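Student: Please model the complete structure; the sequences and the hints are all you need to start from.
Residue numbers (full-length UniProt numbering), protein chains in the order written: chain A, 1 to 421; chain B, 1 to 421.
It is worth saying that the hints were derived from the structure and are not from the lab. Remember, it's a predicted structure, so these values are computed and weren't measured experimentally. There's no promise every hint is true.
Because identical chains cannot be distinguished in the list, a pair is counted as satisfied if it fits within a single copy or across any two copies.
Taking lysine-lysine and the DSBU-like style, the derived pairs with C-alpha atoms no more than 35 Å apart in a straight line are [unchecked claim]:
| no. | residue 1 | residue 2 |
| --- | --- | --- |
| 1 | Lys21 | Lys197 |
| 2 | Lys214 | Lys345 |
| 3 | Lys127 | Lys330 |
| 4 | Lys197 | Lys71 |
Number of protein chains: 2
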Amino acid sequence: MHRVVIVGGGFGGLQAALHLKDAKDVEITLVDRRNFHLFQPLAYQVATGALAAGEVCYPLRAIFRGEERVKVMLAEATGFDLGARTVALRTAAGEEALEYDTLLVGGGSKYNYFGHPEWQEHAAELKSLEGALHIRAQILRAFETAELAETEAERDRQLTFVIVGAGPTGVEMAGQIAEIARNTRRDFRNIDTRNTKVLLVEAGDRVLASFPPKLSGRAMHSLVNLGVTPMLNAAVTGIDPDGVTVGDDHIRSATVIWAAGVLAAGVSSMLAEAAGAETDKVGRLIVEPDLSLPGHPEVLAIGDMVQVRGAHALPGVAPVAMQMGRYAAKLVKGRLRAKDVGPFKYKDKGNLATIGRGRAVAELPPGIRAWGFPAWALWLGIHLFYLVGFQNRLLVFIRWGFSFVTHGRGTRLITGEQNMP
Amino acid sequence: MHRVVIVGGGFGGLQAALHLKDAKDVEITLVDRRNFHLFQPLAYQVATGALAAGEVCYPLRAIFRGEERVKVMLAEATGFDLGARTVALRTAAGEEALEYDTLLVGGGSKYNYFGHPEWQEHAAELKSLEGALHIRAQILRAFETAELAETEAERDRQLTFVIVGAGPTGVEMAGQIAEIARNTRRDFRNIDTRNTKVLLVEAGDRVLASFPPKLSGRAMHSLVNLGVTPMLNAAVTGIDPDGVTVGDDHIRSATVIWAAGVLAAGVSSMLAEAAGAETDKVGRLIVEPDLSLPGHPEVLAIGDMVQVRGAHALPGVAPVAMQMGRYAAKLVKGRLRAKDVGPFKYKDKGNLATIGRGRAVAELPPGIRAWGFPAWALWLGIHLFYLVGFQNRLLVFIRWGFSFVTHGRGTRLITGEQNMP
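Tutor: This is how it looks when you write it as structure tokens:
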């Protein structure tokens with residue numbers, strides 16, 4: 001049996017496992033710190049109460065139910081010994097060294113607070129499910145606190161939302177908060193939620209910079225229409241409990257959401273050190289064209305923690321990770337059958353971002369561009385299609401159907417340890 | 001305008017507000033520490049991953065959307081001044097004294113650890129949504145840790161679940177955990193989940209003591225069939241991080257769930273003190289036959305924090321609280337229109353408890369008893385009917401339909417601040 005250890009149950013690791021599980025001579029151990037796969041592109045919908053946690057997460061164990069050659073391990077990788085071909089793991093039962101024949105690492109990325117880790121305390125981010133639930137509680141709490149505010153200044157501070165970074169996540173969050181403000185007016189008695197300010201702060205000169213300028217313009221138009229105020233060429237220079245400083249101006253805001261710039265996860269540098277491999281300036285491992293580590297063909301790394309040597313940098317999105325995961329599976333199977341599969345080639349299937357109900361932009365590979373309702377319908381279909389698990393798909397579809405008709409948000413719960421705002 | 005302040009958005013407070021909201025001369029302020037109503041009878045389904053949080057909780061603000069005479073306030077009552085007719089509140093915006101003409105308090109109850117508050121740390125309970133999510137994480141984590149355990153003793157400890165108290169909640173939890181154990185066998189590689197032990201510890205001599213002995217017997221039979229081990233006449237004498245002591249025996253268990261005995265919520269004694277009123281031995285306020293406080297007809301108290309003077313004690317269940325809430329609304333409206341509504345009368349509509357898929361017991365008022373599938377179908381229908389909010393009802397129905405066919409549990413997520421078990 002060829003033992004494959006996969007570290008990380010994100011898009012890349014999951015695809016690798018799914019495409020390796022039918023190889024009868026391969027035994028897989030999928031290691032993750034969490035017991036579920038998070039469908040990251042919809043985490044922002046949890047953060048705004050449109051979807052429940054269980055609708056964007058799927059237990060890894062359930063995915064590989066009955067697959068005798070796939071083991072799921074709830075554990076954290078704490079080190080790599082490439083000589084001994086082992087991964088050091090920390091589990092609830094203690095420490096363990098797991099042997100592998102092929103190691104596949106997809107550790108993902110984390111937000112980069114521009115070298116200001118102290119900002120994180122006041123600016124939540126969306127990388128984890130807990131982050132999304134935390135943002136959800138904060139957004140709802142801001143409206144609740146505004147309703148009770150004793151001064152106009154405090155009311156305004158609670159009704160000011162600042163999103164840092166106008167990439168797809170920032171644009172989605174800004175659009176959703178603006179929609180909440182628009183649609184919850186009748187829930188409150190003391191405030192008019194239409195006075196909500198949603199500021200989208202971007203250091204660059206346009207929103208959705210990974211799209212062609214024309215689509216950025218369309219997105220900008222949709223955002224403004226929804227009531228979002230995009231602030232371009234605006235650099236965040238400080239974040240404190242009271243708000244955010246943009247350039248020299250301090251903006252009072254109770255809710256700051258961080259969606260700017262990522263770094264490779266810690267496991268990337270750990271692996272780089274073990275292999276004596278290089279990383280780039282955002283911590284991504286430089287891998288060979290077949291995604292292996294230099295000098296270690298048996299170690300593969302995938303997803304947004306890697307950069308292929310000499311290649312054009314790929315965006316840190318799910319399709320890249322999924323293609324890399326599937327390629328890695330094909331490579332491992334090819335090697336076992338002495339078949340050459342060639343280097344990894346990314347097939348760009350397009351780029352999509354949604355702004356709000358019926359509003360999205362899409363760039364499809366051969367220069368086809370779409371916006372507005374058609375782009376949004378495409379976005380909806382693709383995301384439903386890729387959501388893991390049939391039950392989730394149906395539930396999400398029903399919930400979205402309801403939301404579309406009623407403008408409602410089914411999961412507006414303030415949860416967490418502290419009961420009070 | 002007659003100002004009614006309702007403290008507590010549980011079953012009682014919610015019904016009172018819903019039945020008062022159409023009185024054009026009444027202005028309602030509904031105060032709760034949480035921004036949602038929890039459908040408590042299904043909290044155990046969240047604890048076992050069958051339902052998502054959003055399916056058993058409903059935002060209070062959404063319930064009273066557009067009702068201009070109903071204000072929802074996220075606040076905690078910190079004191080009562082019955083002379084000045086004010087409630088002291090703590091909100092996110094500070095302290096506030098809220099004036100009322102009629103005060104209605106439904107503060108509910110909390111678990112009583114038999115005078116051992118230190119047990120709470122090792123024995124989670126189901127009163128809050130967070131409690132349910134905590135239990136969910138703990139149950140799932142126990143199976144995960146068993147899968148990784150290095151010794152048989154540790155594996156057994158992780159696969160031993162102890163539920164203290166064989167009332168409806170304890171029986172439901174025990175039945176659900178036994179079903180999880182039965183149905184997740186194919187998810188694991190190292191353990192056989194059918195070796196799980198589910199111990200239901202009860203100090204009395206039968207399970208579901210609020211039911212006739214014959215139905216207790218039926219329930220006992222169903223529990224044993226599902227794989228639960230009921231331990232009757234067994235008193236818990238200690239709970240520690242390693243397990244629970246029953247009489248003189250220490251049982252090693254990683255998961256202890258508390259479902260025995262309740263005390264009235266703290267707000268009950270606070271109100272009793274302000275009014276100079278009596279409480280009974282579990283802290284319940286003794287109220288007049290019209291649910292008012294002695295000497296304070298303008299102050300009403302409802303739900304499982306009260307006991308009507310001289311009357312038979314009522315069970316601490318949702319129907320009692322709902323009937324009290326509706327009665328209180330009628331009383332307030334009657335007074336405004338100088339109509340005598342007479343004393344509160346409880347109409348017993350029966351008693352239901354579910355044990356597992358297709359297994360329940362029911363006692364309907366005129367001595368009609370049901371068990372097995374018919375009782376379970378009745379339980380299902382009634383709970384769906386009472387779930388607040390149409391969307392929830394449909395989603396829960398769909399999810400239950402799936403669960404019934406697939407034995408699946410859609411929301412098996414280990415969430416919380418710490419990522420690792």
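Student: Indicate, hint by hint, whether the structure satisfies it.
Tutor: Results for each hint:
Taking the closest pair of Cα atoms, lysine 21 and lysine 197 come within 35 Å of each other only across two copies (32 Å); inside a single copy the shortest separation is 49 Å, beyond that limit. For a Cα distance limit of 35 Å, the shortest separation of lysine 214 from lysine 345 inside one copy, 28 Å, qualifies, whereas the shortest one across copies, 70 Å, does not. In this assembly of identical chains, the alpha carbons of lysine 127 and lysine 330 lie at most 35 Å apart only when taken from the same copy (29 Å versus 50 Å across copies). For the homomeric pair lysine 197 and lysine 71, the shortest alpha-carbon distance between copies (24 Å) is at most 35 Å, but the shortest distance inside one copy (48 Å) is not.
Consistency with the previously given hints is maintained throughout, with no hint failing.
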